[in-house]
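S.K.: One-letter residues, chain by chain:
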Amino acid sequence: MAAPPSNRRSRPGRAPRRGVDESPLVKWCLVSVAWVFALVFLLLPLANVFAQALGKGVGAYLHSLVEPDSWASIRLTLLVAAITVPLNAVFGVAAAWAIAKFEFRGKSLLITLIDLPFSVSPVVAGLMFVILFGLQGYFGKWLDAHEIKIIFAVPGIVLATIFVTFPFVARELIPVMQATGSDQEQAAMTLGASGWQTFWYVTLPSVKWGLIYGVILCNARAMGEFGAVFVVSGRVSGLTDTMPLRVEKLYQEYNAVGAFALASLLAVLALVTLGIKTVLEMRTAREFARAERTTAPST
Amino acid sequence: MSIALKDVTKRFGGVDAVNRVTFSVNEGELVALLGPSGGGKTTVLRMIAGLEIPSQGDIFIRGQRVNDVSVRERNIGFVFQSYALFKNMTVFKNIAFGLKIKKWKRRAIVERVAEMIQLFGLEELEHRYPHQLSGGQRQRVAIARALAPKPSVLLLDEPFGAVDAKIRQDLREWLVRLHHDLNVTTLFVTHDQEEAMEVANRIVIFSKGNLEQIGTPREVYEQPANEFVARFIGVMNVLELEVRNGVARVGELAFPAQGHPDGQGMRIGFRPYAVQVSPDVGLYHHRAVLKHTFFLGIMLRLELELPSGLIVRARMTKEEYASLGLDDGKEVSIQIREYRVLARGDGTLGPEVAVNYPMPPTIAENI
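Line by line, the protein sequences are chains A and B.
Yeah, the first sequence ends on 299 if you go by the numbering used here, and it's all consecutive.
Yeah, the second sequence ends on 1367 if you go by the numbering used here, and it's all consecutive.
Just so you know, not all the hints are guaranteed correct.
Said to hold, decoys possible - Think about it this way: if two alpha-carbon atoms lie no more than 20 Å apart in a straight line, the pair counts; the simulated SDA-like pairs of lysine to any residue are:
id	chain 1	residue 1	chain 2	residue 2
1	B	LYS1006	B	PHE1060
2	B	LYS1006	B	ARG1046
3	A	LYS101	B	ARG1046
4	B	LYS1087	A	GLN178
5	A	LYS208	B	TYR1129
6	A	LYS208	A	ALA94
7	A	LYS208	A	ARG283
8	A	LYS208	A	GLY224
9	B	LYS1087	A	PRO175
10	B	LYS1093	A	ARG293
11	A	LYS208	B	LYS1093
12	B	LYS1208	B	GLY1038
13	B	LYS1087	A	GLU287
14	B	LYS1100	A	ARG293
15	B	LYS1166	B	GLY1038
16	B	LYS1100	A	GLY195
17	B	LYS1093	A	TRP200
18	B	LYS1150	B	GLU1073
Quick caveat, the hints were computed from the structure, so don't treat them as lab data.
Construct the complete structure from the given sequences, taking the supplied hints into account.
M.R.: What follows is the structure in structure tokens.
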């Protein structure tokens, strides 16, 4: 039996408040904590990096960037990112597709393996490659005999970076693809689309944002990785120093301006990817708004 | 013949989702695949589309065996329950997709899409994205997209499942009109018997993977092939009885059962409209109390309780109810005009039996 309607309505003259609303005090406290945290731990240190870098003027700043060894480290970092990010994007899409759309044996094992780089310390990851490809390692002698250099050279840095950034794109895409389901792909097939057309016109656009987030995270990590790269690079100035390694080296050499200048550039590169994402998001939102505006509301 | 299934079976794991189903659909027909959920009707639809492959049996579309023809080449239009619109494309691009894939000329695409947009009342919505549309609009886009490439068959999976009751009624009528105008062979899946009765030319009824009956709405209602169909189509009172001395009884109700051994179980069913009700407690054979009246719009459903506690459902119009002066709690007398033996030893369904009652006594007996 349903209870008779109760007469406990809010008294007239008082603004009715929904039961789920928190008190204003709690709301402002939480908002303030979030802001203070963001300012003190994120914005302030970042601003300080730029302040230190530009402490001796723009000239000194630019000069320290084009200093040969630093310039080499910038080029190396961009090269490593340019190789690892596309590779991981392709792998991530393939793995996420397989995991989200198919049932196969060893699926949960594959998911665990994709997560492995998250749980293994980067230093250990670097050591793994040294043990495999180093001069004392399993393939060391053979590689040396064929004059192929992996450890203490660029290929080793790329391998270590791929390992460390392995999960980013796949991890970002799996939930998106699972949530999207396969209805849209099946619809495309009933309309005559081939597998490749379905992937290109339907699947990829529907996971666009997941892919972009994954690529941004992957890119940031690829440029910023320190531990794994530290172990495999050998730290030859001007040859195998990436930006983070170079920053640390400059800092140890008491070259504060140089260190902070390079650090600020690293920060800017990360901010650029964030900026690209934001612009893309805004453009999509504008497109939706335009579609809504140009058409009369439905009856 | 537009579509034909011959002995089609589909097994998922060890379970027969569809079991040796054979039926055919004529060109231009509007056919409902009806059944409770898990009955195999959606699997049948998906097999016709080519989204599932039959474990056994053959499927023909326009005389051609299509078992080995892929979904892409079957030239069918499929409307998914979720509509499955392409979220990243506008209404125009959604409808144009199939034409673009089939390499139509640009001019032809623009013309065909404009035609579909006009036919489906989607004017001024062509630049919108699916998430900016209402449920009914989304469904129209989904059907327009399926029909744009001129498929030989239109298949719809629970087309009215995802919209609210008011719009559903409009959409049913609209689908009937659309089918009438385009005359494309159409199959749709539904679990709602009322929907199937109202919309379809013919109904194919499934239960647990088996085809129970195929026929016009009138046929399956008036001549159900078996107990499942009789109980699934329309409302039915079902009584479990036991035979004693050639009469099957439960409570105070009795039905003739000559030739049946004592102690045999029997199941009898009768439609609510076959129950006659009178406020005159002496008019009909059985006395009952009107426990509750349900208002179903123009029709009313009456819940009647016999002295033994047996509940019988009756149905009548509002006018009839008013002219009889009925009300909840009132004592009435009832009789059952027609009934049907649902289950006997051999499992077949008996014909409908009309009951000839002796003239009611002119003087009330039990006052």
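S.K.: Next, verify each hint and record whether it holds.
M.R.: Taking the hints in turn, this is what the structure says about them:
{"no.": "1", "hint": "B/LYS1006 x B/PHE1060", "result": "8 Å, holds"}
{"no.": "2", "hint": "B/LYS1006 x B/ARG1046", "result": "15 Å, holds"}
{"no.": "3", "hint": "A/LYS101 x B/ARG1046", "result": "18 Å, holds"}
{"no.": "4", "hint": "B/LYS1087 x A/GLN178", "result": "15 Å, holds"}
{"no.": "5", "hint": "A/LYS208 x B/TYR1129", "result": "16 Å, holds"}
{"no.": "6", "hint": "A/LYS208 x A/ALA94", "result": "14 Å, holds"}
{"no.": "7", "hint": "A/LYS208 x A/ARG283", "result": "14 Å, holds"}
{"no.": "8", "hint": "A/LYS208 x A/GLY224", "result": "24 Å, violated"}
{"no.": "9", "hint": "B/LYS1087 x A/PRO175", "result": "17 Å, holds"}
{"no.": "10", "hint": "B/LYS1093 x A/ARG293", "result": "18 Å, holds"}
{"no.": "11", "hint": "A/LYS208 x B/LYS1093", "result": "18 Å, holds"}
{"no.": "12", "hint": "B/LYS1208 x B/GLY1038", "result": "7 Å, holds"}
{"no.": "13", "hint": "B/LYS1087 x A/GLU287", "result": "13 Å, holds"}
{"no.": "14", "hint": "B/LYS1100 x A/ARG293", "result": "27 Å, violated"}
{"no.": "15", "hint": "B/LYS1166 x B/GLY1038", "result": "26 Å, violated"}
{"no.": "16", "hint": "B/LYS1100 x A/GLY195", "result": "15 Å, holds"}
{"no.": "17", "hint": "B/LYS1093 x A/TRP200", "result": "15 Å, holds"}
{"no.": "18", "hint": "B/LYS1150 x B/GLU1073", "result": "13 Å, holds"}
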